[in-house]
Each structure stands twice: as C-alpha cells, then as structure tokens.
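Novice: Now for the letters of each chain:
2 protein chains.
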Amino acid sequence: MSEEKTFHLSSDDFRRQGYAVIDWIADYLERVERLPVLSRAQPGELRALLPEHAPARGEPFEAVLADVERLILPGITHWQSPNFFAYFPANSSGPAILGELLAAGLGVQGMLWSTSPACTELETQVLDWLVPMLGLPERFSSAGAGGGVIQDSASSATLCALLAARERATRFASNRRGADGRLVAYCSTQTHSSVEKAAKIVGIGAENLRQIEVDERFAMRPDLLAQRIAADEAAGLVPCFVCATVGTTSSTAVDPVREIGRLCRERGLWLHVDAAMCGTAALCPEFRYLHDGVELADSYCFNPHKWMFTNFDCDCFYVADRKHLIETLSVLPEYLRNKATESGAVIDYRDWQVPLGRRFRALKLWFVIRHYGVEGLQHHVREHVRLAQRFADWVRDDPRFELAAPAPLNLVCFRLRSGDAANQRLLDALNASGDLYLTHTKLDGKLSLRLCVGQTRTEERHVAAAWRRIQDVASTLRP
Amino acid sequence: MSEEKTFHLSSDDFRRQGYAVIDWIADYLERVERLPVLSRAQPGELRALLPEHAPARGEPFEAVLADVERLILPGITHWQSPNFFAYFPANSSGPAILGELLAAGLGVQGMLWSTSPACTELETQVLDWLVPMLGLPERFSSAGAGGGVIQDSASSATLCALLAARERATRFASNRRGADGRLVAYCSTQTHSSVEKAAKIVGIGAENLRQIEVDERFAMRPDLLAQRIAADEAAGLVPCFVCATVGTTSSTAVDPVREIGRLCRERGLWLHVDAAMCGTAALCPEFRYLHDGVELADSYCFNPHKWMFTNFDCDCFYVADRKHLIETLSVLPEYLRNKATESGAVIDYRDWQVPLGRRFRALKLWFVIRHYGVEGLQHHVREHVRLAQRFADWVRDDPRFELAAPAPLNLVCFRLRSGDAANQRLLDALNASGDLYLTHTKLDGKLSLRLCVGQTRTEERHVAAAWRRIQDVASTLRP
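Protein chains in written order, with the numbering used here: chain A, 22 to 500; chain B, 22 to 500.
So here's chain A without its partners, still in its complex pose (with noise of 0.2 Å):
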C-alpha cells in the first residue's frame, strides 16, 4: 500500500475551503431576512432529492456548497433572520460562531481535567463570571461549596437537578438499589415539558409528578404547593423535588421562588430554578428581580443559547454542592483513573453531566463574553424589551386584539378576541406569508399567540413590520 496515498484535506484547501463557509455564513447571515422565515418543504421533499446511497468516490467542495445552497437552505427555518420571532429565540453571533469553529478546530474532549486542562478551566472561569454578572448567589461560585457546568439543554440540567434532588432524598439508595416509586416531585402546570419528561427518565414516573395549579399570572401557586407536599407527606410518600420557572415557555411567568424556597428549606427538597429565557435578562440591574429568592435554591440553570448571543448549545447550569451532584453522577473505571483526579484538586466535569465525552463550549461563551462585554449584552437586552414592550403597547392600542398574559420582558402573548378558529386563521396566514414566523399556545383556555424579541438582529423594524402584517391580515378574515 503506498504511503503517499491521502484522502485528507490538504492545508491549503482547508484554508480555500474555510473561507468560502465563512463567506457562505457572511452572505447569508445579510440576506437571511429577505428569505421566507419558516420553511416551505414538504415531508420528504429533501430526501426525495438526495442520492439513495452515499457516494463511493470523494465528491469536490464545491457540488457539496453547491448543494448546501440548492436543497439544504430550503429546507430551513430561519432562527437567524431577524424575523423569527417563534418558541425562544436560539440567537447566536460572530463571535459564538467563531468560538464554536476554534472548539471543533482543536478537538479535544473535555470529559476529565486531564484531558485537556485548559477546557474544564475555562468553563469553571466563565462560569464564575456570570455569578455576579447576572446577580446570583455567591454560593453557586466554585470558590465555595458550588459551582458550574456547560450542558447542552436546560432539560439535561432539570435532568441533572432531578437525579441530585433523588439521591440526596433518598441517601443514594436509588443509585444503589433502583427507585421505589414512592419519591414526588412538584412543577406548575406551565412548567416545560423536560421536567415531566426527566421525571420518566429518573423512575420517578409521570404520574408522581405534581403539576400545581397557577394563579390569574401564570406563576405557581405556593400555598397549593404546600397543601400537596403535606398531602403527599401524610400519605407516606417522599417529595423530594420542586421546579420553580422563571420565565415560563407559554408566557414568561414568574414563579415566587422566595416563597417556594422557604417551603422547600422547611421540608427538605431540592430547589430547581429553571431560568433557562428569562435569566439572561437579569444581566440589567433594573431585572435582577427575576432571580429574587435563588440564594434558596439547590440548583439553576439559564441558557445563553437562546438569548445570549451564544449557538446552540450551551445551558449554564449551577448547583450549591457541587460534592452531592458528583456523587450522584460520577462511576470511575479503571482506564480513566488519574493522579490529577485523585489528587482531588481539580474538577471532572464528566462527573456533572449525562454523557462522558463533552466539546469545549466554553470557548464561544468567552468569545461572546469578551467580544460584547457586559456592556454590549445589557444594551442589546434591553433593546429586545423594548421593542417588546412597545409590540405589547400596539397590541393595547387596537380593540380587536387583546393581551392573553402579563409581558414582563421580551414576549407578548396576545390574541383576537374574536375565538379560537380566527386566531389559528391569522396565525396560519401570518407563517405562510414568510415574512415572519409565531408560534401559540393556550392560556386560560384560548389559543394565543407569541411573539418573542430575542432574535440577534431584530430592530425596531422588524418588529413594526411585523405588526402592520399582523394588522393587516387580521382586516382581511371574515369576522
């Protein structure tokens, strides 16, 4: 076999090749709002056109940009175009972008200190940063008893958070010996679906989850938190865990976390604060109120992904202890025995996470950090309140329409009054029109719509663009 013979990239095409994807990103990211925001492909419009199998021979850069442009962009929502205003935004920038291209350039795992120093570091850094930044607890630093971690999702930290909350409760005798159906957990009936989900995952089983009735504001009710807990106390069952949102996923709500962590202190379960949108947010003084109450908490998360100028994906998750997180999670073979783990002086961020592999994400969440400073996030987080106030000031301006929850920061929920059936009519026309994209949901019965300012580059006129469409084809359905 001879030697000489490669198929790898050569150093210069790399070069050749690199430019032209960061050229590809720099054109696109220009003409990204002029393109029909939510995708118009049909099911299996794009396998249809792919090969049926993979190729046998290498193919030329170029036919695979090429394709890049003519059956993959298509096939996309445009989560970057300023005109996406669906879900929660997963906003990104030049600098996250970069910082993800200089993690997949270096390539190192990050699943032990040891394997690349640098990687665990970095985060435990970054992650320090953003204790005073966003106005969090001293304790959840890892110059303490706490710490924090980069994971994918705010799911895989509930996840996490759930595990902890089911070891501490049950002395690690689930670890050990399987749970026992007795343990409860406790979540608002506008909690994200992840908590129901990790709830199934853990064995703790769907039904043992509580979902606490809200008030008239979409926040949980404490005092029916604490009727269930005792209900479920008498019962002979262990609560073990509560999730509190800040910044539910239908409307932003706010749950009084001070009240439900004193609960939480007095009968002994773990505090998950979920501010997965809205903590970003507190990176103002002027909304560190949102994270009132949190110094209570065993554990919280928020995600830069979304509204942090960071891609997808990176969720900052923070606990108070870290041992007891470790303790739950860590298994350790042989092969991956070192003196630096054994030493006890440095962390293993494997141990705090599902999987064991794990990128270098800090990267770009430093990137991002240090390219906007504190100064350049909270200017461009107020703008998108702003903006999303002034959406919620039209909305009250017109009688047709009607504020379907409160809008303490970037989204608006708001409806026709006029039913169900022409707001799913206006939503439609609005998503088929490419001009924007909204997504709904239901509160107090009533199918709602949501229009979320997160997007990087979403400007006053975008947003006034967006509400003269919405006007506009409101005029235009039957009453």
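Honestly, the hints are just simulated from the structure, not real lab data. Zero decoy hints are in this set.
Heads up, the list lumps identical chains together, so a pair's fine if it works in one copy or across two of them.
Derived SDA-like pairs: lysine to any residue, alpha-carbon spacing no greater than 20 Å straight-line:
(1) 26 to 399
(2) 463 to 235
(3) 360 to 61
(4) 360 to 463
(5) 26 to 407
(6) 344 to 365
(7) 360 to 441
(8) 344 to 163
(9) 463 to 439
(10) 360 to 95
Mind docking chain B on chain A? Use the hints.
Specialist: Coordinates of chain B only, in the frame set by chain A:
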C-alpha cells in the same frame, strides 16, 4: 436610545476574523505534531492567569486570539496530534470542521421536523446511507419500522436504549408510576461505565445491573448470562436489557452478539449493541464479521466522532422499532404542536433523545462522507488497522514485552513482563516526554498500556517513533 448603536460584529469583521480563525486552525493542525501531546499545565494554572471578572467593555478580537495562543494552548491535551494514542481517539477532519462551522452559522434547531425540515431529513438520509455502508441489518433503516438518529455520545444512546427497554418490559408503567425495583439489566465486566451510569439514572440501580464474567478474550460469556437471567427470573425479578459490546474500551473485545441475541429473543430482553469505537471498521467488508448477529439487536450505536473523521459530538444510534423509542420519550405540550407532527408523516427527533433542542449535526457527517467517499474512509480505517497490527508485531518480537489481550483491530494492549510498577513508570515517563500519549487499563488484574491508532494524521512514522520511544524508555528502567 440611539437606533444606530450596535455591539454586533459587522459582516466585514466577521469575514476577516473568520479567515483568521480558519488560518489559526490550519496552522495548528500543521504544527500540532511538534507540541507536547499531554498538557503540562498544573491544576489552577490557567485560572490564575484569567481575569477575576468579565470585561465591562468589549475587547478586540486580536486580543482574544492572542490569548488562545498564550493562555489556552498550553492547557490543551492535543487530541488531534498524530502522536495521540490514548483512550479511544476523537478524530476529526477538514470537512467535519467546516460542517460544524456551517451548522453554527445556520444556527437552526432540529427539535421538530417543522423547525427545519432539512435538519431532520438530511439526518435520516445520512443515517440510512450508513446502514449498507456498515453492513447493518436493513431493519435499522427508516424505510421499515426502524431508523437512526444522531446522539451526542454513546452514553446517551445507551441511556435511550435502556429507557426504551424499561418501558417495553413494564408496558410503560415505569414512565407513568416510576420504577418498582424489580427490573434487572445485564452487561459484562468489560462493558463501558456509561451502562452503570445509565442504570443509576433510569432508576434500575447499580446493584440490579449484572456484570457477567468474560472469557479469556475478554468477551461476555453467554452461558453465564443465561444462568444469571434464569436465576433472576426465578427470584421474581424482571430481566429487561442486555448491553453487548463490539469493541470494549479496555481491549476492543467483541462480545458474542449472535448468541446473546438468541438468548434475548428467547427471554424477551432488549438487546443493545454498543459498537461506539469499532463499528466504523465495518466500513471495510473484511471487518464486517464484527456485526455478526446484530440483526437480533433492538438497538445499536457507533461513533463517527471516534474513528470516522467527524468531530465530536456525533454518535449514530439505531433502533429496530422506532415507535417504541418515540412512545418512551415523547411529551407533547401545546407550544410544540404543529400540523406536520400531527400528520404523522414526519420524524420529530426530539422524541428520540433526552434533550429537546438539537444542532444540525448531520451536516458535518454529510460533509465527511461526501469528501472521503466510502473508498476514502475505508482506506484510512485499513491503514490504521495495518499500523496497529505492525505495532503488535513489534511488541511480540521484543521479549521484554507481552500483548495483554488479542488485538483484532487498531488497539494494542501490551505491557512489560516485569510487573505493574515498571509499567506505571514506563507510562509516566512516556507521557511526561510529550512525544506521545498513551493511557492504561487493567487486564487479568495487571496494569496494561493501551496504544490506539485512530488519529486522522497518524502515519507509520508516528507509530514507529512511538515504539522506539517505548523501547528506549523501557531500557532506562531499572530491572
């Protein structure tokens, strides 16, 4: 507030900085073989050099990139060095890096088909391509009842498989009411630690994971497995899951999948086959024997991010019956409802994994397969195996050394005959030299060194230099 003020990176600056990062990576990959493979950083060394607080104001990109060179690089253990022979590789390639870059640039969420149809359909298609590429059974393709999905890691694939097994065994009662302490799972003493972690996570418990003894080749003994299942059934327990490994982490031992599979069919257990490392070898027909019996499995995974030139994270996870997995992991709140999902005509990959959000990881896999073609991938796999076999020959020819296990593919486990202390000194000296990086395991109770050939840029000269270094260091050790 000024409408003009923005802190975002301009398009021109993104291009300029993007080229610089591409160049940095190209330079890095050219010089990486001359850098000490294992980082020499001490615990806390990087953190001591980083500012205590985040910058209030943004900093120039040039300062950040200079810090990557000055601060980060010394803390990197170079997984992309051709002298990296440790663990299993996490290899990468130019096309993979550019695919990851493009995915970051597009910044879409693939949680639902509708949130970017191309993200889902390209993934389904590329995973279908891999079925014949690896000689996997047709039932894993999406054309029938099965299908593939990209997970972040084999740990997560195992977790999903175990969850589906748990739910099949309990007819979804565990999801509803929690685990009941009667479920039992099986693996071997050589199985990856992620199976124990998963058994803890899903509420089965580590004590209910039976670690079956292995034969002299470190492969699971099906006779002992059968005995243990029978004993557990007789004790009123509920055996539900077996993990068989094609290429164990310690020594790439291959469990007898066909025999285990027959037993699982007979007793109604879910069989998961973990081929994280060695599945890639099956690209070559001469190694396809590795997949003998896989048609009896309920699920299967392998990691292109180990040995198929696709940067982490990219684990391909297949199930024979996708309905079962989906029913296990699906939760559908109002805000995720959409017409495409309700039509039943599309795949929503959020129901195939633990997290809700997901990146467009299929892009990098597609880039890799199109760049190399099947031919290019086969070439490099064969070359890695050839180099490892040559290394094994050299070990056999040196009377001071012995092979510690069969070396069927690209991993060679070996040791000095002179005992654990000598091997530890050998390992420490080699890794401290910076010239290469090996890790260890225990086989037959003896400390053994592992040399795995799987790095993208590893050529014969690197393996030969490693062997010379090993011999030289061995010569300096006092007998």
